[in-house]
Each structure stands twice: as C-alpha cells, then as structure tokens.
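Whenever a hint applies, use it, and build me the whole structure from the sequences.
The numbering used here numbers the first residue of the sequence shown as 1 and each following residue consecutively.
Among the hints, a few may not be true.
[Said to hold, decoys possible] With a straight-line Cα cutoff of 20 Å, these simulated EDC-like cross-link-like pairs (lysine to aspartate or glutamate) come out: (1) Lys73 <-> Asp29; (2) Lys18 <-> Asp29; (3) Lys18 <-> Glu96; (4) Lys63 <-> Glu86; (5) Lys50 <-> Asp28; (6) Lys9 <-> Asp29; (7) Lys63 <-> Glu96; (8) Lys73 <-> Glu86; (9) Lys63 <-> Glu43; (10) Lys9 <-> Asp32; (11) Lys18 <-> Glu86; (12) Lys56 <-> Glu96; (13) Lys73 <-> Glu96; (14) Lys8 <-> Glu96; (15) Lys60 <-> Asp97; (16) Lys22 <-> Glu96; (17) Lys8 <-> Glu82; (18) Lys18 <-> Asp32; (19) Lys6 <-> Glu17; (20) Lys6 <-> Asp19.
The set of hints was computed from the structure by calculation and includes no laboratory data. Nothing here was measured: the structure is a model prediction, and the numbers come from that model.
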Amino acid sequence: MRFRFKDKKLEALYTEEKDAHKYPGVVDDFFDVMTIIQAAPDERDLYAQKGLRFEKLAGKRGKQGQRSLRLNKQWRLIVTLEKDAEGAYLQILGIEDYH
1 MRFRFKDKKL
11 EALYTEEKDA
21 HKYPGVVDDF
31 FDVMTIIQAA
41 PDERDLYAQK
51 GLRFEKLAGK
61 RGKQGQRSLR
71 LNKQWRLIVT
81 LEKDAEGAYL
91 QILGIEDYH
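Following this line, the structure appears as structure tokens:
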C-alpha cells in the first residue's frame with residue numbers, strides 16, 4: 001500500500017534512520033510494520049492482520065479519520081486513510097505512546 005509521511009522527522013527516521021535513539025525499543029517494530037504496510041495491496045490486508053490491531057480511533061480523533069496500528073504493547077503508529085488520483089494511501093501522522 002502506498003504511504004506518505006506528514007511528519008518530516010518520522011520520514012527521516014524511515015529513510016535515513018535519523019534520530020532512532022528518540023524511539024528506544026520501538027524502531028525495529030516501526031520498520032516491521034512499515035514493511036507490512038508496503039506489502040499490503042490495500043487497507044483490507046491491514047485489517048486482516050490481527051496482530052496489527054488496525055482500528056479507527058474513538059472520539060474526536062476518530063471523527064478526523066485517524067486510525068492506529070500496533071507497533072508493540074506500548075506504541076502505536078497513527079495514520080489516516082487518504083485518496084488521490086492514484087487511489088488510496090496511508091498518511092503517516094506519528095508514533096504515540098498508547099498509555
């Protein structure tokens with residue numbers, strides 16, 4: 001599935017592994033999930049992977065279309081589903097502490 005980064009620092013982490021020390025214990029999980037996203041034809045494949053817990057967030061964030069994918073027990077990757085002329089893609093918003 002196609003994706004784009006809204007956060008330039010997160011994009012730098014993905015492309016250059018820049019500032020990986022700011023996310024101790026989650027960088028490897030982040031790259032694992034990004035590999036799954038890249039291999040998925042569309043969002044249905046993300047829903048099918050139960051371990052990712054791909055789900056719409058509740059409340060105001062859910063109304064904004066935000067969803068999360070589980071990186072590990074503590075951290076989540078926050079995304080939105082977007083569309084352009086080429087079809088659907090994930091907008092990567094950030095990594096957040098679930099607790």
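Check your understanding: Straight-line Cα separation of Lys22 and Glu96 no greater than 20 Å?
Key -> Status holds; Cα separation ~12 Å.
Exercise for review: With a cut-off of 20 Å on the C-alpha distance, tell me whether Lys50 and Asp28 pass.
Suggested key: Cα-Cα ~19 Å, so holds.
Check your understanding: Between Lys18 and Asp32, does the CA-CA distance stay at or below 20 Å?
Key -> holds, 17 Å
Practice item. Verify the proposed pairing of Lys63 with Glu86, using a straight-line Cα cut of 20 Å. Key: Distance ~24 Å between Lys63 and Glu86 Cα, so the pair is violated.
Check your understanding: Quick one, are Lys8 and Glu96 close enough, alpha carbons at most 20 Å?
Key -> holds, 15 Å
Review point. For the pair supplied as a hint, Lys60 and Asp97, is the alpha-carbon distance within the 20 Å limit?
Key: With a Cα-Cα distance of about 18 Å, the restraint between Lys60 and Asp97 holds, given a limit of 20 Å.
Review point. Is Lys9 within 20 Å of Asp29, Cα to Cα?
Key: This hinted pair holds, its Cα atoms lying about 17 Å apart.
Check your understanding: Keeping to a limit of 20 Å between CA atoms, is the pair of Lys73 and Asp29 held or broken?
Key -> Measuring from Cα to Cα gives roughly 11 Å; hence the hint holds.
Point to revise | Given hint Glu96 paired with Lys63 - CA-CA distance at most 20 Å | key: holds, 18 Å
Review point. Does the alpha-carbon distance linking Lys9 and Asp32 stay inside the 20 Å limit?
Key: holds, 18 Å
Review point. Taking only the CA atoms, is the gap from Lys73 to Glu86 under or equal to 20 Å?
Key: Not OK: Lys73 and Glu86 at ~34 Å, beyond 20 Å, violated.
Review point. Given the hinted pair Lys18 and Glu96, is their alpha-carbon gap at most 20 Å?
Key: holds, 18 Å
In terms of the numbered hints stated before, the structure departs from hints 4, 8 and 11, listed from lowest to highest.
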